[in-house]
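S.K.: Sequence:
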Amino acid sequence: MSAPLIIAVPSKGRLQEQAQAFFARAGLNLTQPRGAREYRGKLAGFDRVEIAYLSASEITSQLAQGAVHFGITGEDLVREMIADVDKRVVLLAPLGFGYANVVVAVPQAWIDVRTMADLDDVASAFRQRHDRKMRVATKYINIARTFFARHRISDYRIVESLGATEGAPAAGTAEFIVDITTTGATLAANGLKVLDDGVMLRSQANLVAAREAHWGAEERAAARAILDRIAAQDRAANYREVRTRFPSCDDEVLEHARSAFGVQSPFGSPTSSGMLTLHCPPENVFGLADFLRERGAGAVTVGEISYVFTRDNPLYAKLAEALAAV
Numbered sequence: 001m002s003a004p005l006i007i008a009v010p011s012k013g014r015l016q017e018q019a020q021a022f023f024a025r026a027g028l029n030l031t032q033p034r035g036a037r038e039y040r041g042k043l044a045g046f047d048r049v050e051i052a053y054l055s056a057s058e059i060t061s062q063l064a065q066g067a068v069h070f071g072i073t074g075e076d077l078v079r080e081m082i083a084d085v086d087k088r089v090v091l092l093a094p095l096g097f098g099y100a101n102v103v104v105a106v107p108q109a110w111i112d113v114r115t116m117a118d119l120d121d122v123a124s125a126f127r128q129r130h131d132r133k134m135r136v137a138t139k140y141i142n143i144a145r146t147f148f149a150r151h152r153i154s155d156y157r158i159v160e161s162l163g164a165t166e167g168a169p170a171a172g173t174a175e176f177i178v179d180i181t182t183t184g185a186t187l188a189a190n191g192l193k194v195l196d197d198g199v200m201l202r203s204q205a206n207l208v209a210a211r212e213a214h215w216g217a218e219e220r221a222a223a224r225a226i227l228d229r230i231a232a233q234d235r236a237a238n239y240r241e242v243r244t245r246f247p248s249c250d251d252e253v254l255e256h257a258r259s260a261f262g263v264q265s266p267f268g269s270p271t272s273s274g275m276l277t278l279h280c281p282p283e284n285v286f287g288l289a290d291f292l293r294e295r296g297a298g299a300v301t302v303g304e305i306s307y308v309f310t311r312d313n314p315l316y317a318k319l320a321e322a323l324a325a326v
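All the letters of the sequence shown, read from the start, carry residue numbers 1 to 326 under the working numbering.
Think of the hints as simulated: they come from the structure by calculation, not from any bench. This structure is a prediction, so every number in the text was calculated from the model and none was measured. Certain hints may be false.
Dumping the calculated SDA-like pairs for lysine to any residue here, alpha-carbon to alpha-carbon at most 20 Å [stated by the list, open to error]:
hint	residue 1	residue 2
1	K193	D118
2	K87	F267
3	K318	E75
Cβ pair distances, simulated, as ranges [to be verified]:
hint	residue 1	residue 2	range
4	E218	D118	51 to 57 Å
5	N29	S154	48 to 54 Å
6	R14	I141	39 to 45 Å
7	T277	T146	44 to 50 Å
8	A299	A188	49 to 55 Å
9	I111	T146	14 to 20 Å
10	R14	Q264	42 to 48 Å
11	N238	A83	52 to 58 Å
In this text, a Cβ means the ideal position worked out from N, Cα and C, and glycines have one as well.
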């Protein structure tokens, strides 16, 4: 019997709660049979799936090694920690939580420095004046180097940060920093500002697959079942179900509904009784309801959809394509 398919999720805090909620919305319930302190769990209804509770950095490391199949972790860690990232993992989907931007921040006192080009000028002048390169404190060494190379900035030296990076300029250990921020409040409190074009990466939690994990037939089947549910819930979140009895509905009405309101008609044309079911983006349901009533529809009901399963699954297709290239 093959080893189980392993999904790594954050082991504590808000990220763990959000990861569990993400799976729960797709009808996938994570359980810890031995209690909350246990670092191994189960996925209800899936005998061959194991949940590994790890820190965010451990999840990223395990994905890089192929020791887990799926993981939930930040894109910032993936791009910082994994060399040849596109060869080792595939980012299947952003999850809408765990937001953080990786940014370049300089002292607010540098009033003439607002862009990366300004920083380049200051760095060159600093080296000529002090006979050394400006120091940038950061935990994001690889992301910083890539970003600075893109902007053709070379007069800097990275000082690896082991503590509160935002305090480095005030402490005199660096001239500016590269760090993550959500609101910018902590940076401002430490007398720093983000450069206008200094956002290196707009990161959030992602569902990530390890290309180098063992993907046998059982693992792929389990992955397909899990991704089917996630994709079905994601599709459902993008639509509302609109139902009405509409005997006079014809193809012209349906075509206008599609073009004007982004409607899908998942069950084809109206039934012989005139019953019509449409899927409509939430922001367009009121306009659609008005349109249908103007064309002769009776009562129009609108409801939320839990899941929309289709034959095609873009998440699994993305995974299968990535594995085929390994």
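S.K.: Which hints from the list above does the structure break, by number from lowest to highest?
M.R.: Structure breaks hints 2, 6, 9, 10, 11.
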